[in-house]
Amino acid sequence: MKDSKEIVIKIEGLTKKYGNFIALRNLNLQIFKGEIFGFLGHNGAGKTTTVNILTTLLNPTSGIATICNFDIAKESIEVRRRIGYLPENVKFYENLTAFENLDYLAKLSGLTKTENKIKEVLSFLEFTGFENKKIGQFSRGMKQKIGIAQAIIHEPEVLFLDEPTSGLDPFGIKNLREIIIKINKEKGITIFMNTHLLSEVSKTCTTIGVLNHGNLIYKDSLENTLKKFKDDVSLEDIYLNIDNNIKNQLDNRSII
Amino acid sequence: MTSRIDIVAKNEFKTLFKENTFILLLLIFILMTIFSTYIGWSAKNTIINVYQETVKDLSLKGIKEIPPNPFTGIPDLSILKNMIVYVFLIGSLLALVIGNNAFIRDRRSGVLRIIFSKFISKQTYIFGKIVGIFETLLLVVFISFLLSLFSTVLISGHFLTPIEILKLSGFYAISLVYLLIFSMVGLYFAIDSDGESIALLIPVIIWVLLTFVMPQITSSLAPTALLNPNNIQAATPHSNFFHILQMIIKPFSISESYKEISSILLEANSGINTISTLQIKFQNAVGLIIMFSYLVISMFGSIYKINKFNSCEEELNI
Numbered sequence: 001m002k003d004s005k006e007i008v009i010k011i012e013g014l015t016k017k018y019g020n021f022i023a024l025r026n027l028n029l030q031i032f033k034g035e036i037f038g039f040l041g042h043n044g045a046g047k048t049t050t051v052n053i054l055t056t057l058l059n060p061t062s063g064i065a066t067i068c069n070f071d072i073a074k075e076s077i078e079v080r081r082r083i084g085y086l087p088e089n090v091k092f093y094e095n096l097t098a099f100e101n102l103d104y105l106a107k108l109s110g111l112t113k114t115e116n117k118i119k120e121v122l123s124f125l126e127f128t129g130f131e132n133k134k135i136g137q138f139s140r141g142m143k144q145k146i147g148i149a150q151a152i153i154h155e156p157e158v159l160f161l162d163e164p165t166s167g168l169d170p171f172g173i174k175n176l177r178e179i180i181i182k183i184n185k186e187k188g189i190t191i192f193m194n195t196h197l198l199s200e201v202s203k204t205c206t207t208i209g210v211l212n213h214g215n216l217i218y219k220d221s222l223e224n225t226l227k228k229f230k231d232d233v234s235l236e237d238i239y240l241n242i243d244n245n246i247k248n249q250l251d252n253r254s255i256i
Numbered sequence: 257m258t259s260r261i262d263i264v265a266k267n268e269f270k271t272l273f274k275e276n277t278f279i280l281l282l283l284i285f286i287l288m289t290i291f292s293t294y295i296g297w298s299a300k301n302t303i304i305n306v307y308q309e310t311v312k313d314l315s316l317k318g319i320k321e322i323p324p325n326p327f328t329g330i331p332d333l334s335i336l337k338n339m340i341v342y343v344f345l346i347g348s349l350l351a352l353v354i355g356n357n358a359f360i361r362d363r364r365s366g367v368l369r370i371i372f373s374k375f376i377s378k379q380t381y382i383f384g385k386i387v388g389i390f391e392t393l394l395l396v397v398f399i400s401f402l403l404s405l406f407s408t409v410l411i412s413g414h415f416l417t418p419i420e421i422l423k424l425s426g427f428y429a430i431s432l433v434y435l436l437i438f439s440m441v442g443l444y445f446a447i448d449s450d451g452e453s454i455a456l457l458i459p460v461i462i463w464v465l466l467t468f469v470m471p472q473i474t475s476s477l478a479p480t481a482l483l484n485p486n487n488i489q490a491a492t493p494h495s496n497f498f499h500i501l502q503m504i505i506k507p508f509s510i511s512e513s514y515k516e517i518s519s520i521l522l523e524a525n526s527g528i529n530t531i532s533t534l535q536i537k538f539q540n541a542v543g544l545i546i547m548f549s550y551l552v553i554s555m556f557g558s559i560y561k562i563n564k565f566n567s568c569e570e571e572l573n574i
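Protein chains in written order, with the working numbering: chain A, 1 to 256; chain B, 257 to 574.
Just chain B, same shape as in the assembly (with noise of 0.2 Å):
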């Protein structure tokens, strides 16, 4: 059984890598993840050009209280914060299409009904189709992660430290944790949808509603909080209604449990905590738990949906 699914993982990866659009979002990706140090370097290196001119003005001014440098005791780390946006905005979108592309890819070219007449299980082959878009997105992530430590490294002067190290790596952990749940979501509706373009519609709007509107509820009428990951600007309405509002939903908006969990991990608001550590603690351990919980039923109902599946029956609607 395990060299069936080891046999459908390959033949995935492999022709996952002559698809134009997901070299098209890979490439756009890996491109994000270079520019995302740039970016991080670029914005503190002009903030503290700006510091220093406001410093040389105020002490030619004779101001004696010269306010401290922004990035005083701001870990490296934190100049890659702008990865967490990209991972929840296109790193989310290429792991929706793998997802999607991977049981459609099948039903398109209409080889269903040769796989099905082999020696090969409806199970196996989803498993084998999991684990393939888990090594895909795996090589992603481990891209991202090295591109990510050689710019820190190159961009910042000196070598990251071990606990750094390992901070970026757990970053990259629950990033790979996250692109799942959507590449699971992707295709169960490719399973389950009659047609293609439905099949990728609906998860597209799922992407829509996981990455935008639950975050716009939760972070209720603080717009700047939807895309940055610092949660200081977070802060709700003092309203009671948004105040439960957010307790409901907030448990279940992953991508806000993502931007807070990964935030944490590259010291993107050290220091700046508006709640207590305890809170914290807890609600990313919830967080964290809901991930999880989200990428189990989505990849049992896909292998739910696949014993459903009727091979016969695989011509797709456009």
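For reference, chain A alone in the conformation it holds in the complex (with noise of 0.2 Å):
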């Protein structure tokens, strides 16, 4: 049923080395159009890296990856123009206002007329308001949907978080997983997230993947995750167990 699907992120043997470290080993993965797909991994494992790679900050040392049929080496300028990206730690300048902030950011997404554009965007997150006011007053919550604002103002067609409830209070988790529901359903934008949290993965994503040592060890649906460790308690108990090498248990055709 997949194989009908588009690709939207097409990996093929990513692998980026720091000297002697490999940071991201073989990498070979595909994302469907649609899909809100959990990566996960303990810290270290790889994932920034990736998504380093994926939105063109950094040059991979070997292998290819296209988004959306662009190549991320050859043609990242079309790339950068089809994908959102939230890095952990979203930062803005503080001495601009929530509104300044995202009319620049969103003019270098290549929209000209940003001001109609800003007042959706900020309506669809139900953040209105707090335009006028300097990013510097703003909470860690706040600073997070002006991140996702940014991100989403030219309608993307991936989005990519990473650790997108890192430094969140209870609230603010479960609001941004409504948010991130919210756009993969509305707006129909795929979306790749990084994350370690294994209780945003479980209410937000469709597919996961496990990361472990700049290896993917594991990828499948959230379903068929849950129906093949169905002796697990949790989430949790099913990563500890993928993560514990216990892939010979698995089907054959799930292992990557």
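Just so you know, the hints here were simulated from the structure itself, not pulled from any lab data.
These numbers were taken from a predicted model, which means no experiment stands behind them.
Take these hints with a grain of salt, some might be off.
Said to hold, decoys possible - With a straight-line cut-off of 25 Å between C-alpha atoms, the simulated SDA-like cross-links for lysine to any residue are:
1. A:K119 with B:K564
2. B:K300 with B:K378
3. A:K134 with B:L281
4. B:K564 with A:S76
5. A:K91 with B:K300
6. A:K74 with B:C568
7. B:K378 with A:E75
Put the two chains together into one complex; each comes in its own frame, and the hints tell you how they fit.
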């Protein structure tokens, strides 16, 4: 069934080395249109390196990756036109207002008339009335919403979120989770989300992948994963099972 | 591509005018511009008063040979000569901060990851920054030009001739080039350095070197020439060592070239040149070429460096 779906992100043999340290080892991955892909892994597993490469911020040592059929290395500008990116610990110009920050970033995303777009996106995120306040006065959760606003304002085809709930309180996490699902459902944007929080994945994602020391050790839909590991109490147990290299117990087709 | 450059340039311009350091340095520079005319006028008046007192005194003593008024034949523009010092001292520091902040601000705020994931290349981004810096400095220089023009007219009591306005414009044009050099040096090290402190420290050392050390060596042991735009006082001692040193270093001493070209434009040295006109023309042409070379090298250095810049490691060490 998946074969009939459009591939939005295609990664083949992606490797990133920092001297002798291999941050990412021969990564092969396909993400389909409309998916919310949760990229799991402990700290230092290579999740951020993968996102940095896919957002064209970093060059891979070897391997190729395409986003919407555009090569990330050779057609980086075309790739950037089609992606939105929310880095971990998103930051802005603190001296400028939310509107001024969004106006600048929206124009860099290729939009010409930004005022209505900014109003529209802030209304979509249910975050109005703060446009003229300086970002320096914003809380972490508010900055995160502006971060999402700048990432989706140009209606990208793929949205990359790097640890989006990092540093947020439980209310902020819940709110952000709802926003992510809303973006995916209402705007049809494919989402690639780095996280190490399993609660986030279980409530948000449609597909999961597990990265361990630069190696992708598992990828399947959340539904199949829960079926396969039905004996495990929670997704946390499943993750620990996978991470402890129990891949031999898995069906060969689901092992990458 | 042009519109992207314009977007970055406009944002640079807007952000700068919200920064306290920039506003403070700009205000100091503007105040100094106003004061320079006043100081020039005040100094001229004091000397004229002393001259008139002396003339009165000499007349009373029955002395018939009265020395000429020292300001006879000295053009009105010369009262602005202090501006030369303010540009190469305060102006260059202001320019250095503008250039340095243009990139350090983005690194410090952490927006570079977002910016470089947008529909803009690193080259376009840095071109935008350079245009923004140019526009800011152009505004600073233009404000200074207008203030100099109005204050000179106000103080001298008559309008400047078209030639004088042209010379004043020439002075500010050369000042803009001089300031741009320092802003590009500031920008280059903001991209190249790992830490925020070192990113500012290195350009400041270069500023000290160009503003104080090199003129000190080339004006060799004539300390009054260091800040004074009148190059008549810059006579070198009769020593082969200093002459050779001066010959080698002077062409690269852009602050001296700037001082000399500016003092010619503001007619601060009229009638008191110690070297031939041809030699002055040649030296200043070389000085001008060297100034532009500094500008081109530092500008292309920044463009080269941005291509090597890793936006994933943007976090600055303080």
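Inset, instruction - Identify every previously stated hint that the structure contradicts and give their numbers, smallest first. - result: Failing hints, ascending: 1, 2, 5.
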